[in-house]
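Protein chains in written order, with my numbering: chain X, 133 to 968; chain W, 2 to 114.
It cannot be assumed that every hint is accurate.
Stated by the list, open to error - Output of the computed footprint for chain W on chain X, the stretches with three or more beta carbons under 8 angstroms from beta carbons of chain W:
#: 1; segment: 427–434
#: 2; segment: 687–701
To be verified - Just the calculated beta-carbon pair ranges, DEER-fashion:
#: 3; chain 1: X; residue 1: P265; chain 2: W; residue 2: A98; range: 20 to 28 angstroms
#: 4; chain 1: W; residue 1: G10; chain 2: X; residue 2: L441; range: 23 to 31 angstroms
#: 5; chain 1: X; residue 1: A944; chain 2: W; residue 2: H70; range: 29 to 37 angstroms
Just so you know, the hints here were simulated from the structure itself, not pulled from any lab data. Computed from a predicted model, the values in this text were never measured in an experiment. Idealized CB from N, CA, C, for every residue including glycine.
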Amino acid sequence: MNAPMSFEGAARPAGTRERLVVIGNGMAGCRAVEEILARDPARYAVTIFGAEPRVNYNRIMLSPVLAGEKTFDDIVINTAAWYQDNGIALVAGDPVVAIDREKQVVIAQSGRSEPYDRLLIATGSDPFIIPVPGHDLAGVVTFRDLDDVERMLAAAEKGAPDGGKGRAVVIGGGLLGLEAAHGLSLRGMQVTVVHLMPTLMERQLDEAAGWLLKAELERRGQTILTGGDTGEILGEGGHVTAVRLKDGRELPADIVVMAVGIRPATGLAKAAGLDVERGILVDDHMVTSDPAVLAVGECVQHRGACYGLVAPLWDMCRALADHATGAPSGYAGSVTSTKLKVSGIDLFSAGDFSGGDGAEDIVMRDAARGVYKRVVVKENRLVGAVLYGDTADGSWYFDLLKKGEDISDIREALIFGQAFASGGALADPNAAVAALSDDAEICGCNGVSKGAIVQTIREGACSLDAVRSQCKASASCGSCTGLVESLLALTLGDDVQSGPKSVCKCTSFTHDDVRRLIVEKELRAIPQILQELHWTTPDGCASCRPALNYYLLCAWPGEYEDDQKSRFVNERMHANIQKDGTYSVVPRMWGGITSPKDLRAIADVVEKYDAPMVKVTGGQRLDIFGIRKEDLPAVWADLNAAGMVSGHAYGKSLRTVKTCVGSEWCRFGTQDSTGLGVKIERMTWGSWMPHKFKIAVSGCPRNCAEATIKDFGVVCVDSGYELHVGGNGGIKVRATDLLCKVATEAEAMDVCAAFIQLYREQAHYLERTAPWIERVGLDHVKAGLFDTPDAVTRLAARFRHSQQFMQDDPWAKRAAGEDAELHQHLAEVRPLEFVS
Amino acid sequence: MIGNWLDIGPVDQIAPGNARTLPVRGGAEIAVFHTLDGNFYALVNACPHKQGPLSQGIVHGTVVTCPLHNWNISLKTGEALGDDKGCVPTIPLKVDAGRIYLLREAVVGRRAA
Ligand code: SRM
Ligand SMILES: Cc1cc2nc3c(=O)[nH]c(=O)nc-3n(C[C@H](O)[C@H](O)[C@H](O)COP(=O)(O)OP(=O)(O)OC[C@H]3O[C@@H](n4cnc5c(N)ncnc54)[C@H](O)[C@@H]3O)c2cc1C
Ligand code: SF4
Ligand code: FES
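All chains should be built: construct the whole structure from the sequences, respecting the hints.
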C-alpha cells in the first residue's frame with residue numbers, strides 16, 4: 133500500500149473563499165473542478181481526495197497502457213504542477229471514509245478531516261465481482277485502475293509455472309473485457325474470453341456485428357467462449373489455477389480478469405443518508421438530496437439513468453459548474469455512443485438499433501472489405517447506428533442522431549456516408565453510378581468494367597441474371613449487385629426484368645445461388661452468410677433463417693452446430709404444436725410394426741399424462757394428443773425407456789416408411805416388403821431434408837402401401853424392386869415417376885440413399901420431391917444418379933456420413949435435461965387473491 | 002413510469018432470439034421475448050388471430066412470427082403487421098441491473114378471456 137501523499141497549493145488566501153471538497157480524483161471530479169476554474173477561478177478553495185495514490189489520469193487510456201501503446205506519463209491529465217498552480221490541495225492515497233453532513237466535514241482513512249461549504253462526490257464505480265467460489269483468490273483481478281493494469285502486466289511477465297506462455301481468462305465479453313483480452317494477448321498471454329451471452333458486446337452490437345467481431349478476435353488467436361457460464365474459480369496455495377464453467381469445462385489460468393460490469397460507488401453517500409437508488413440521485417444541476425452536496429460522474433443517477441462512459445460526464449460537469457458559479461443551465465441527459473479501442477478493429481455503435489415499428493433498417497455489407505453498416509431510421513430521423521470495419525462516418529451519424537435532424541433528403545444515400553449523402557446530385561446512388569467513368573471497375577472478382585456491363589445490357593441482357601451469365605459481373609461474390617442493378621436501371625429504365633425469385637426479401641440471391649456460395653466460399657454460420665452475401669436485413673427473417681440453417685446442416689455435416697432459434701416451433705420442440713398450444717407426440721413405429729411392449733408404453737403415457745386422444749395416423753403409427761410443453765421431456769423419457777424414439781412427425785425430415793405385409797404373410801407378396809421397409813427406415817430416420825419425406829414399400833403391384841404417391845416408393849416384383857420417386861398424396865396429388873429397377877435389396881437401399889442425398893443437396897428449402905422434380909425434370913435426376921458410373925455410390929456414402937451425426941434421438945437429449953428452459957415457464961404469478 | 006414492478010429474474014434466463022412464458026393465476030399467460038439485439042419485450046402469449054402461443058414463434062428483428070398461421074406480430078406494439086389486422090396487449094417491461102421487471106398492474110390486472 134502506498135503511503136498517503138499530499139501537497140498543499142501555493143498561495144491560498146484562506147478564509148475568503150468558499151471551501152469546495154471533492155471526493156474522487158478521477159475523470160469527473162477533476163473535470164468538474166476544471167470547469168469551475170474556467171468560469172470563476174477565485175470562488176472556491178478546493179481540496180480533492182483521491183483513493184488512488186497518484187494524480188488524475190485518463191482512465192479510458194488504461195487499455196492502450198495495458199496493450200503497450202502508451203505509458204502512464206502519456207495519459208496523465210493533470211500533473212502535480214496543475215494542482216499547485218491552481219491552488220488545489222490534493223490528498224491522494226487517502227480515501228474518504230465518512231461524511232458528516234451535520235458538521236459539514238469529511239473524514240479520511242488517515243483520520244484527517246476536512247470541513248466543506250460545498251461537497252462534490254465523484255467516486256465513480258466499483259467493478260462488479262461475481263461471487264462464485266474462488267473469486268477472492270490471488271490472481272483474480274478487475275480492470276479499473278492503474279494498479280489493476282500493473283497486476284496484469286506482472287502476470288504476463290511471469291508466464292505459466294512451466295515457463296510457457298501465461299494463460300489469462302477474461303470473464304466478460306463487453307467493452308472492458310475485450311480491451312483487457314486484447315492487451316493481454318499483445319503482452320504475449322494466451323487469452324480465453326468467457327462470455328455469458330451468445331454474442332459479444334450484446335448491449336452495443338447486434339448479432340451480425342458481434343459475430344464479425346468474434347471471428348476477427350479468433351483469427352487473432354484468442355479463444356472466445358460465448359454462452360459460457362462461470363461456475364467456480366479454482367486455486368492452489370491461495371493463487372488461481374483455473375476457471376471451471378458450469379458445463380464442466382476447465383480453463384487453466386494464471387490470471388483471471390473479471391470484467392462483467394460496474395456498479396456506481398454509492399457507499400459513502402448512502403451511509404451519509406443521501407437519497408440513493410442505483411446511483412446517487414441528482415437533479416438537473418447535479419445537486420443531491422442535500423443542497424450542499426453535489427455529485428457527478430458514474431456514481432450518479434440522473435432522470436433514471438446511470439452512465440458508464442465519459443461523454444455524459446463532460447455534459448454533467450458543464451451543468452454542475454454553471455450551477456456552482458451561479459449561472460445554472462441544467463443537464464438533460466445524454467445519448468451515448470461506443471467505440472472499441474482494439475487496434476485494427478473499427479467498431480462503433482450508438483442509439484437504439486432494436487428496429488421495430490415504423491423503424492426501418494438500412495443495411496450495407498461489403499464482404500470484401502469486411503464492412504457491416506446498419507442505420508435505423510424512424511419517422512425520417514436517425515435513431516441508431518452500428519458500424520463494423522469502417523467507422524469513418526460514426527461521428528457524422530452520431531451528430532445526426534443527437535440533433536434529431538430530418539434526413540428525408542439524404543435518405544437514399546445515408547448508408548453510404550457523409551461524402552455521398554452531402555454530395556448533392558450524388559445523393560441518388562444511380563446518379564453516383566452514372567457519374568463513374570466507363571473504365572471504372574464494377575465487379576472486382578471478375579474484372580468487369582462499367583463500360584463492359586452497359587455494353588452487355590445494350591446487347592439484350594435485361595435482367596441481373598442475364599448480366600451475370602453473359603459478362604460474369606456480380607456472378608461471384610455478389611458485392612457489386614447493387615451497382616449492376618443501378619446500371620440496369622440507368623440503361624433500361626422500366627424495362628429491367630426481374631430475375632428468378634430470391635430466397636426472401638432480405639436478399640437478391642436465389643436458393644441455388646445461396647447453396648452454391650455456401651460451398652464455394654465455405655460459409656459456416658448464419659451471420660457469416662448474411663455478411664458475405666450482403667443480406668439487407670440485420671438478422672434475416674422467419675423465411676430465410678430456417679432455410680440457411682438447413683443448407684448449412686446439409687453442407688457441413690458433423691461440423692455445423694444447429695441453430696435452434698432458426699427453427700420452426702415443431703422442430704425446436706420435437707413435437708407438433710396444436711391449435712390450443714399443446715403438442716402431439718408420435719413415437720417411431722418402424723415400418724408400421726408394433727409390439728405389446730410398445731403399445732403398453734404408449735397406453736401408459738396416455739393415461740399418466742391424461743392425453744385427451746390417441747389416434748392411428750395415416751402414416752401407420754400412433755399419435756398422442758394434448759401434451760403440455762412442460763410434460764414433453766417426461767413423456768419422452770417414458771417412451772425412451774420402452775425403447776422408442778422420436779418419429780419426427782414434426783420435421784422437415786424423414787417421416788414414415790409405410791409398408792404392407794409382403795411375402796411373409798400375403799398370398800401375393802413377392803418380396804419381404806415389411807423387412808425392407810424397416811431396414812430403409814433404420815437407414816434414413818433422423819435425416820434433415822428440404823421438406824418432409826415419405827417412403828413406402830409395397831410387396832406387389834397391388835401396392836397396398838400406396839408407394840406410388842410417396843417421395844420414394846418401392847414396388848416389389850418377382851424379379852426385384854421397382855423404384856419410384858416424386859409422388860405426393862397431399863394438396864396436389866402427383867403419382868411417382870419410375871426411376872429404375874434393381875435386383876437386390878442392397879441396390880434398392882443404395883439408390884434410396886443416393887436419391888435422398890441428391891434431393892438434400894439440390895432442392896430448395898420447403899420444396900418437396902414432387903415440385904422439385906417438376907422443376908428440374910426427371911432426366912436431370914436420372915443424370916445426377918446414373919450418368920457417371922459411381923454417382924450412386926458417392927451420393928449414398930455422403931448420405932450415410934451425414935447420418936452418423938443425425939441419428940441421435942432428440943427426445944433422449946431433452947429427457948436428459950438439454951434445453952430445459954424451452955419446456956419450463958419463467959415463473960408463475962399468483963396474485964394475492966388466488967393464494968389459498 | 003410509476004407503478005409496482007414485478008421482478009421476474011435475471012436476463013440470462015432467456016437466450017437471445019428466444020422467448021419464455023409466465024403463467025398468471027386467474028389471468029392471461031405472458032410471453033417474454035429477448036431479441037437478437039439484446040432487447041426485451043413482453044406480450045400476452047396469445048396471437049390476435051386465433052390465440053396461437055406467440056412465445057413459440059421465430060423471433061426476427063422486433064417481430065415474432067406466430068407458430069400457428071405465420072402472422073407477424075410486432076413485439077413493440079403487439080400489432081399485427083402487413084395485411085393482417087389485430088393487436089395483442091403489451092406488458093410494460095424494464096431491465097435494471099441485469100434483472101427483468103414487468104409492470105405489476107399490467108400483469109395481474111388482466112383477466113383471462
Ligand atoms: C397426424 C396426421 C393425420 C392423421 O391423423 O393421420 C397428419 C397431420 C398433419 N399433417 Fe399430414 N398428417 C398425416 C399424414 C399425412 C398424409 C398421409 C401419409 O403420410 O401417408 C398426407 C398425404 C401424403 C403426402 O404427404 O404426400 C399428409 C399431407 C399433409 C400435407 C400436404 C403435403 C403436401 O406436400 O401436399 C400437409 C401440409 C404441409 O406439410 O405443408 C400436412 C400437414 C400436417 C400437419 C403437420 C399440419 C400442421 O402443420 O400442423 C398435421 C399435424 C397434426 C399433428 O399434430 O400431428 N399433411 N399428411 C398424419 C401423420 C402421419 C404420421 O404418422 O407421421
Ligand atoms: C479500462 C477502461 C477503459 C475505458 N474506456 C472507455 C472508453 O473508451 N470510452 C468511454 O467513454 N469510457 C471508457 N471507460 C469508462 C470511463 O473511464 C469512466 O466512465 C470514467 O472514468 C468515469 O469517471 P468518474 O470520475 O465518474 O469515475 P473515475 O474515473 O473512476 O473516478 C473516480 C475516482 O474516485 C476515487 N474514489 C472512489 N471512492 C473514493 C473515496 N471514498 N475517497 C476518495 N476517492 C475515491 C477512485 O479511486 C477514482 O479514482 C473506460 C474505463 C476503463 C476502466
Ligand atoms: S388434413 Fe388438414 S386438418 Fe387433417 S390433419 Fe392434415 S392438416 Fe390437419
Ligand atoms: S393464431 Fe397466430 S397466426 Fe393464427
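Outcome of the hint check:
Coverage of the segment 427–434 of chain X by chain W is violated. Counting CB-CB distances below 8 angstroms, 0 residues qualify, and the rule asks for three or more. With 5 residues having a beta carbon nearer than 8 angstroms to a beta carbon of chain W, the segment 687–701 of chain X meets the requirement of three or more and the stated coverage holds. A hinted range of 20 to 28 angstroms holds for the C-beta pair P265/X and A98/W, which are about 23 angstroms apart. The hint said 23 to 31 angstroms for the Cβ distance between G10/W and L441/X, and at roughly 28 angstroms that hint holds.
Roughly 32 angstroms separates the CB atoms of A944/X and H70/W, a value that falls within the hinted 29 to 37 angstroms.
Hint violations for this structure: number 1 only, all remaining hints satisfied.
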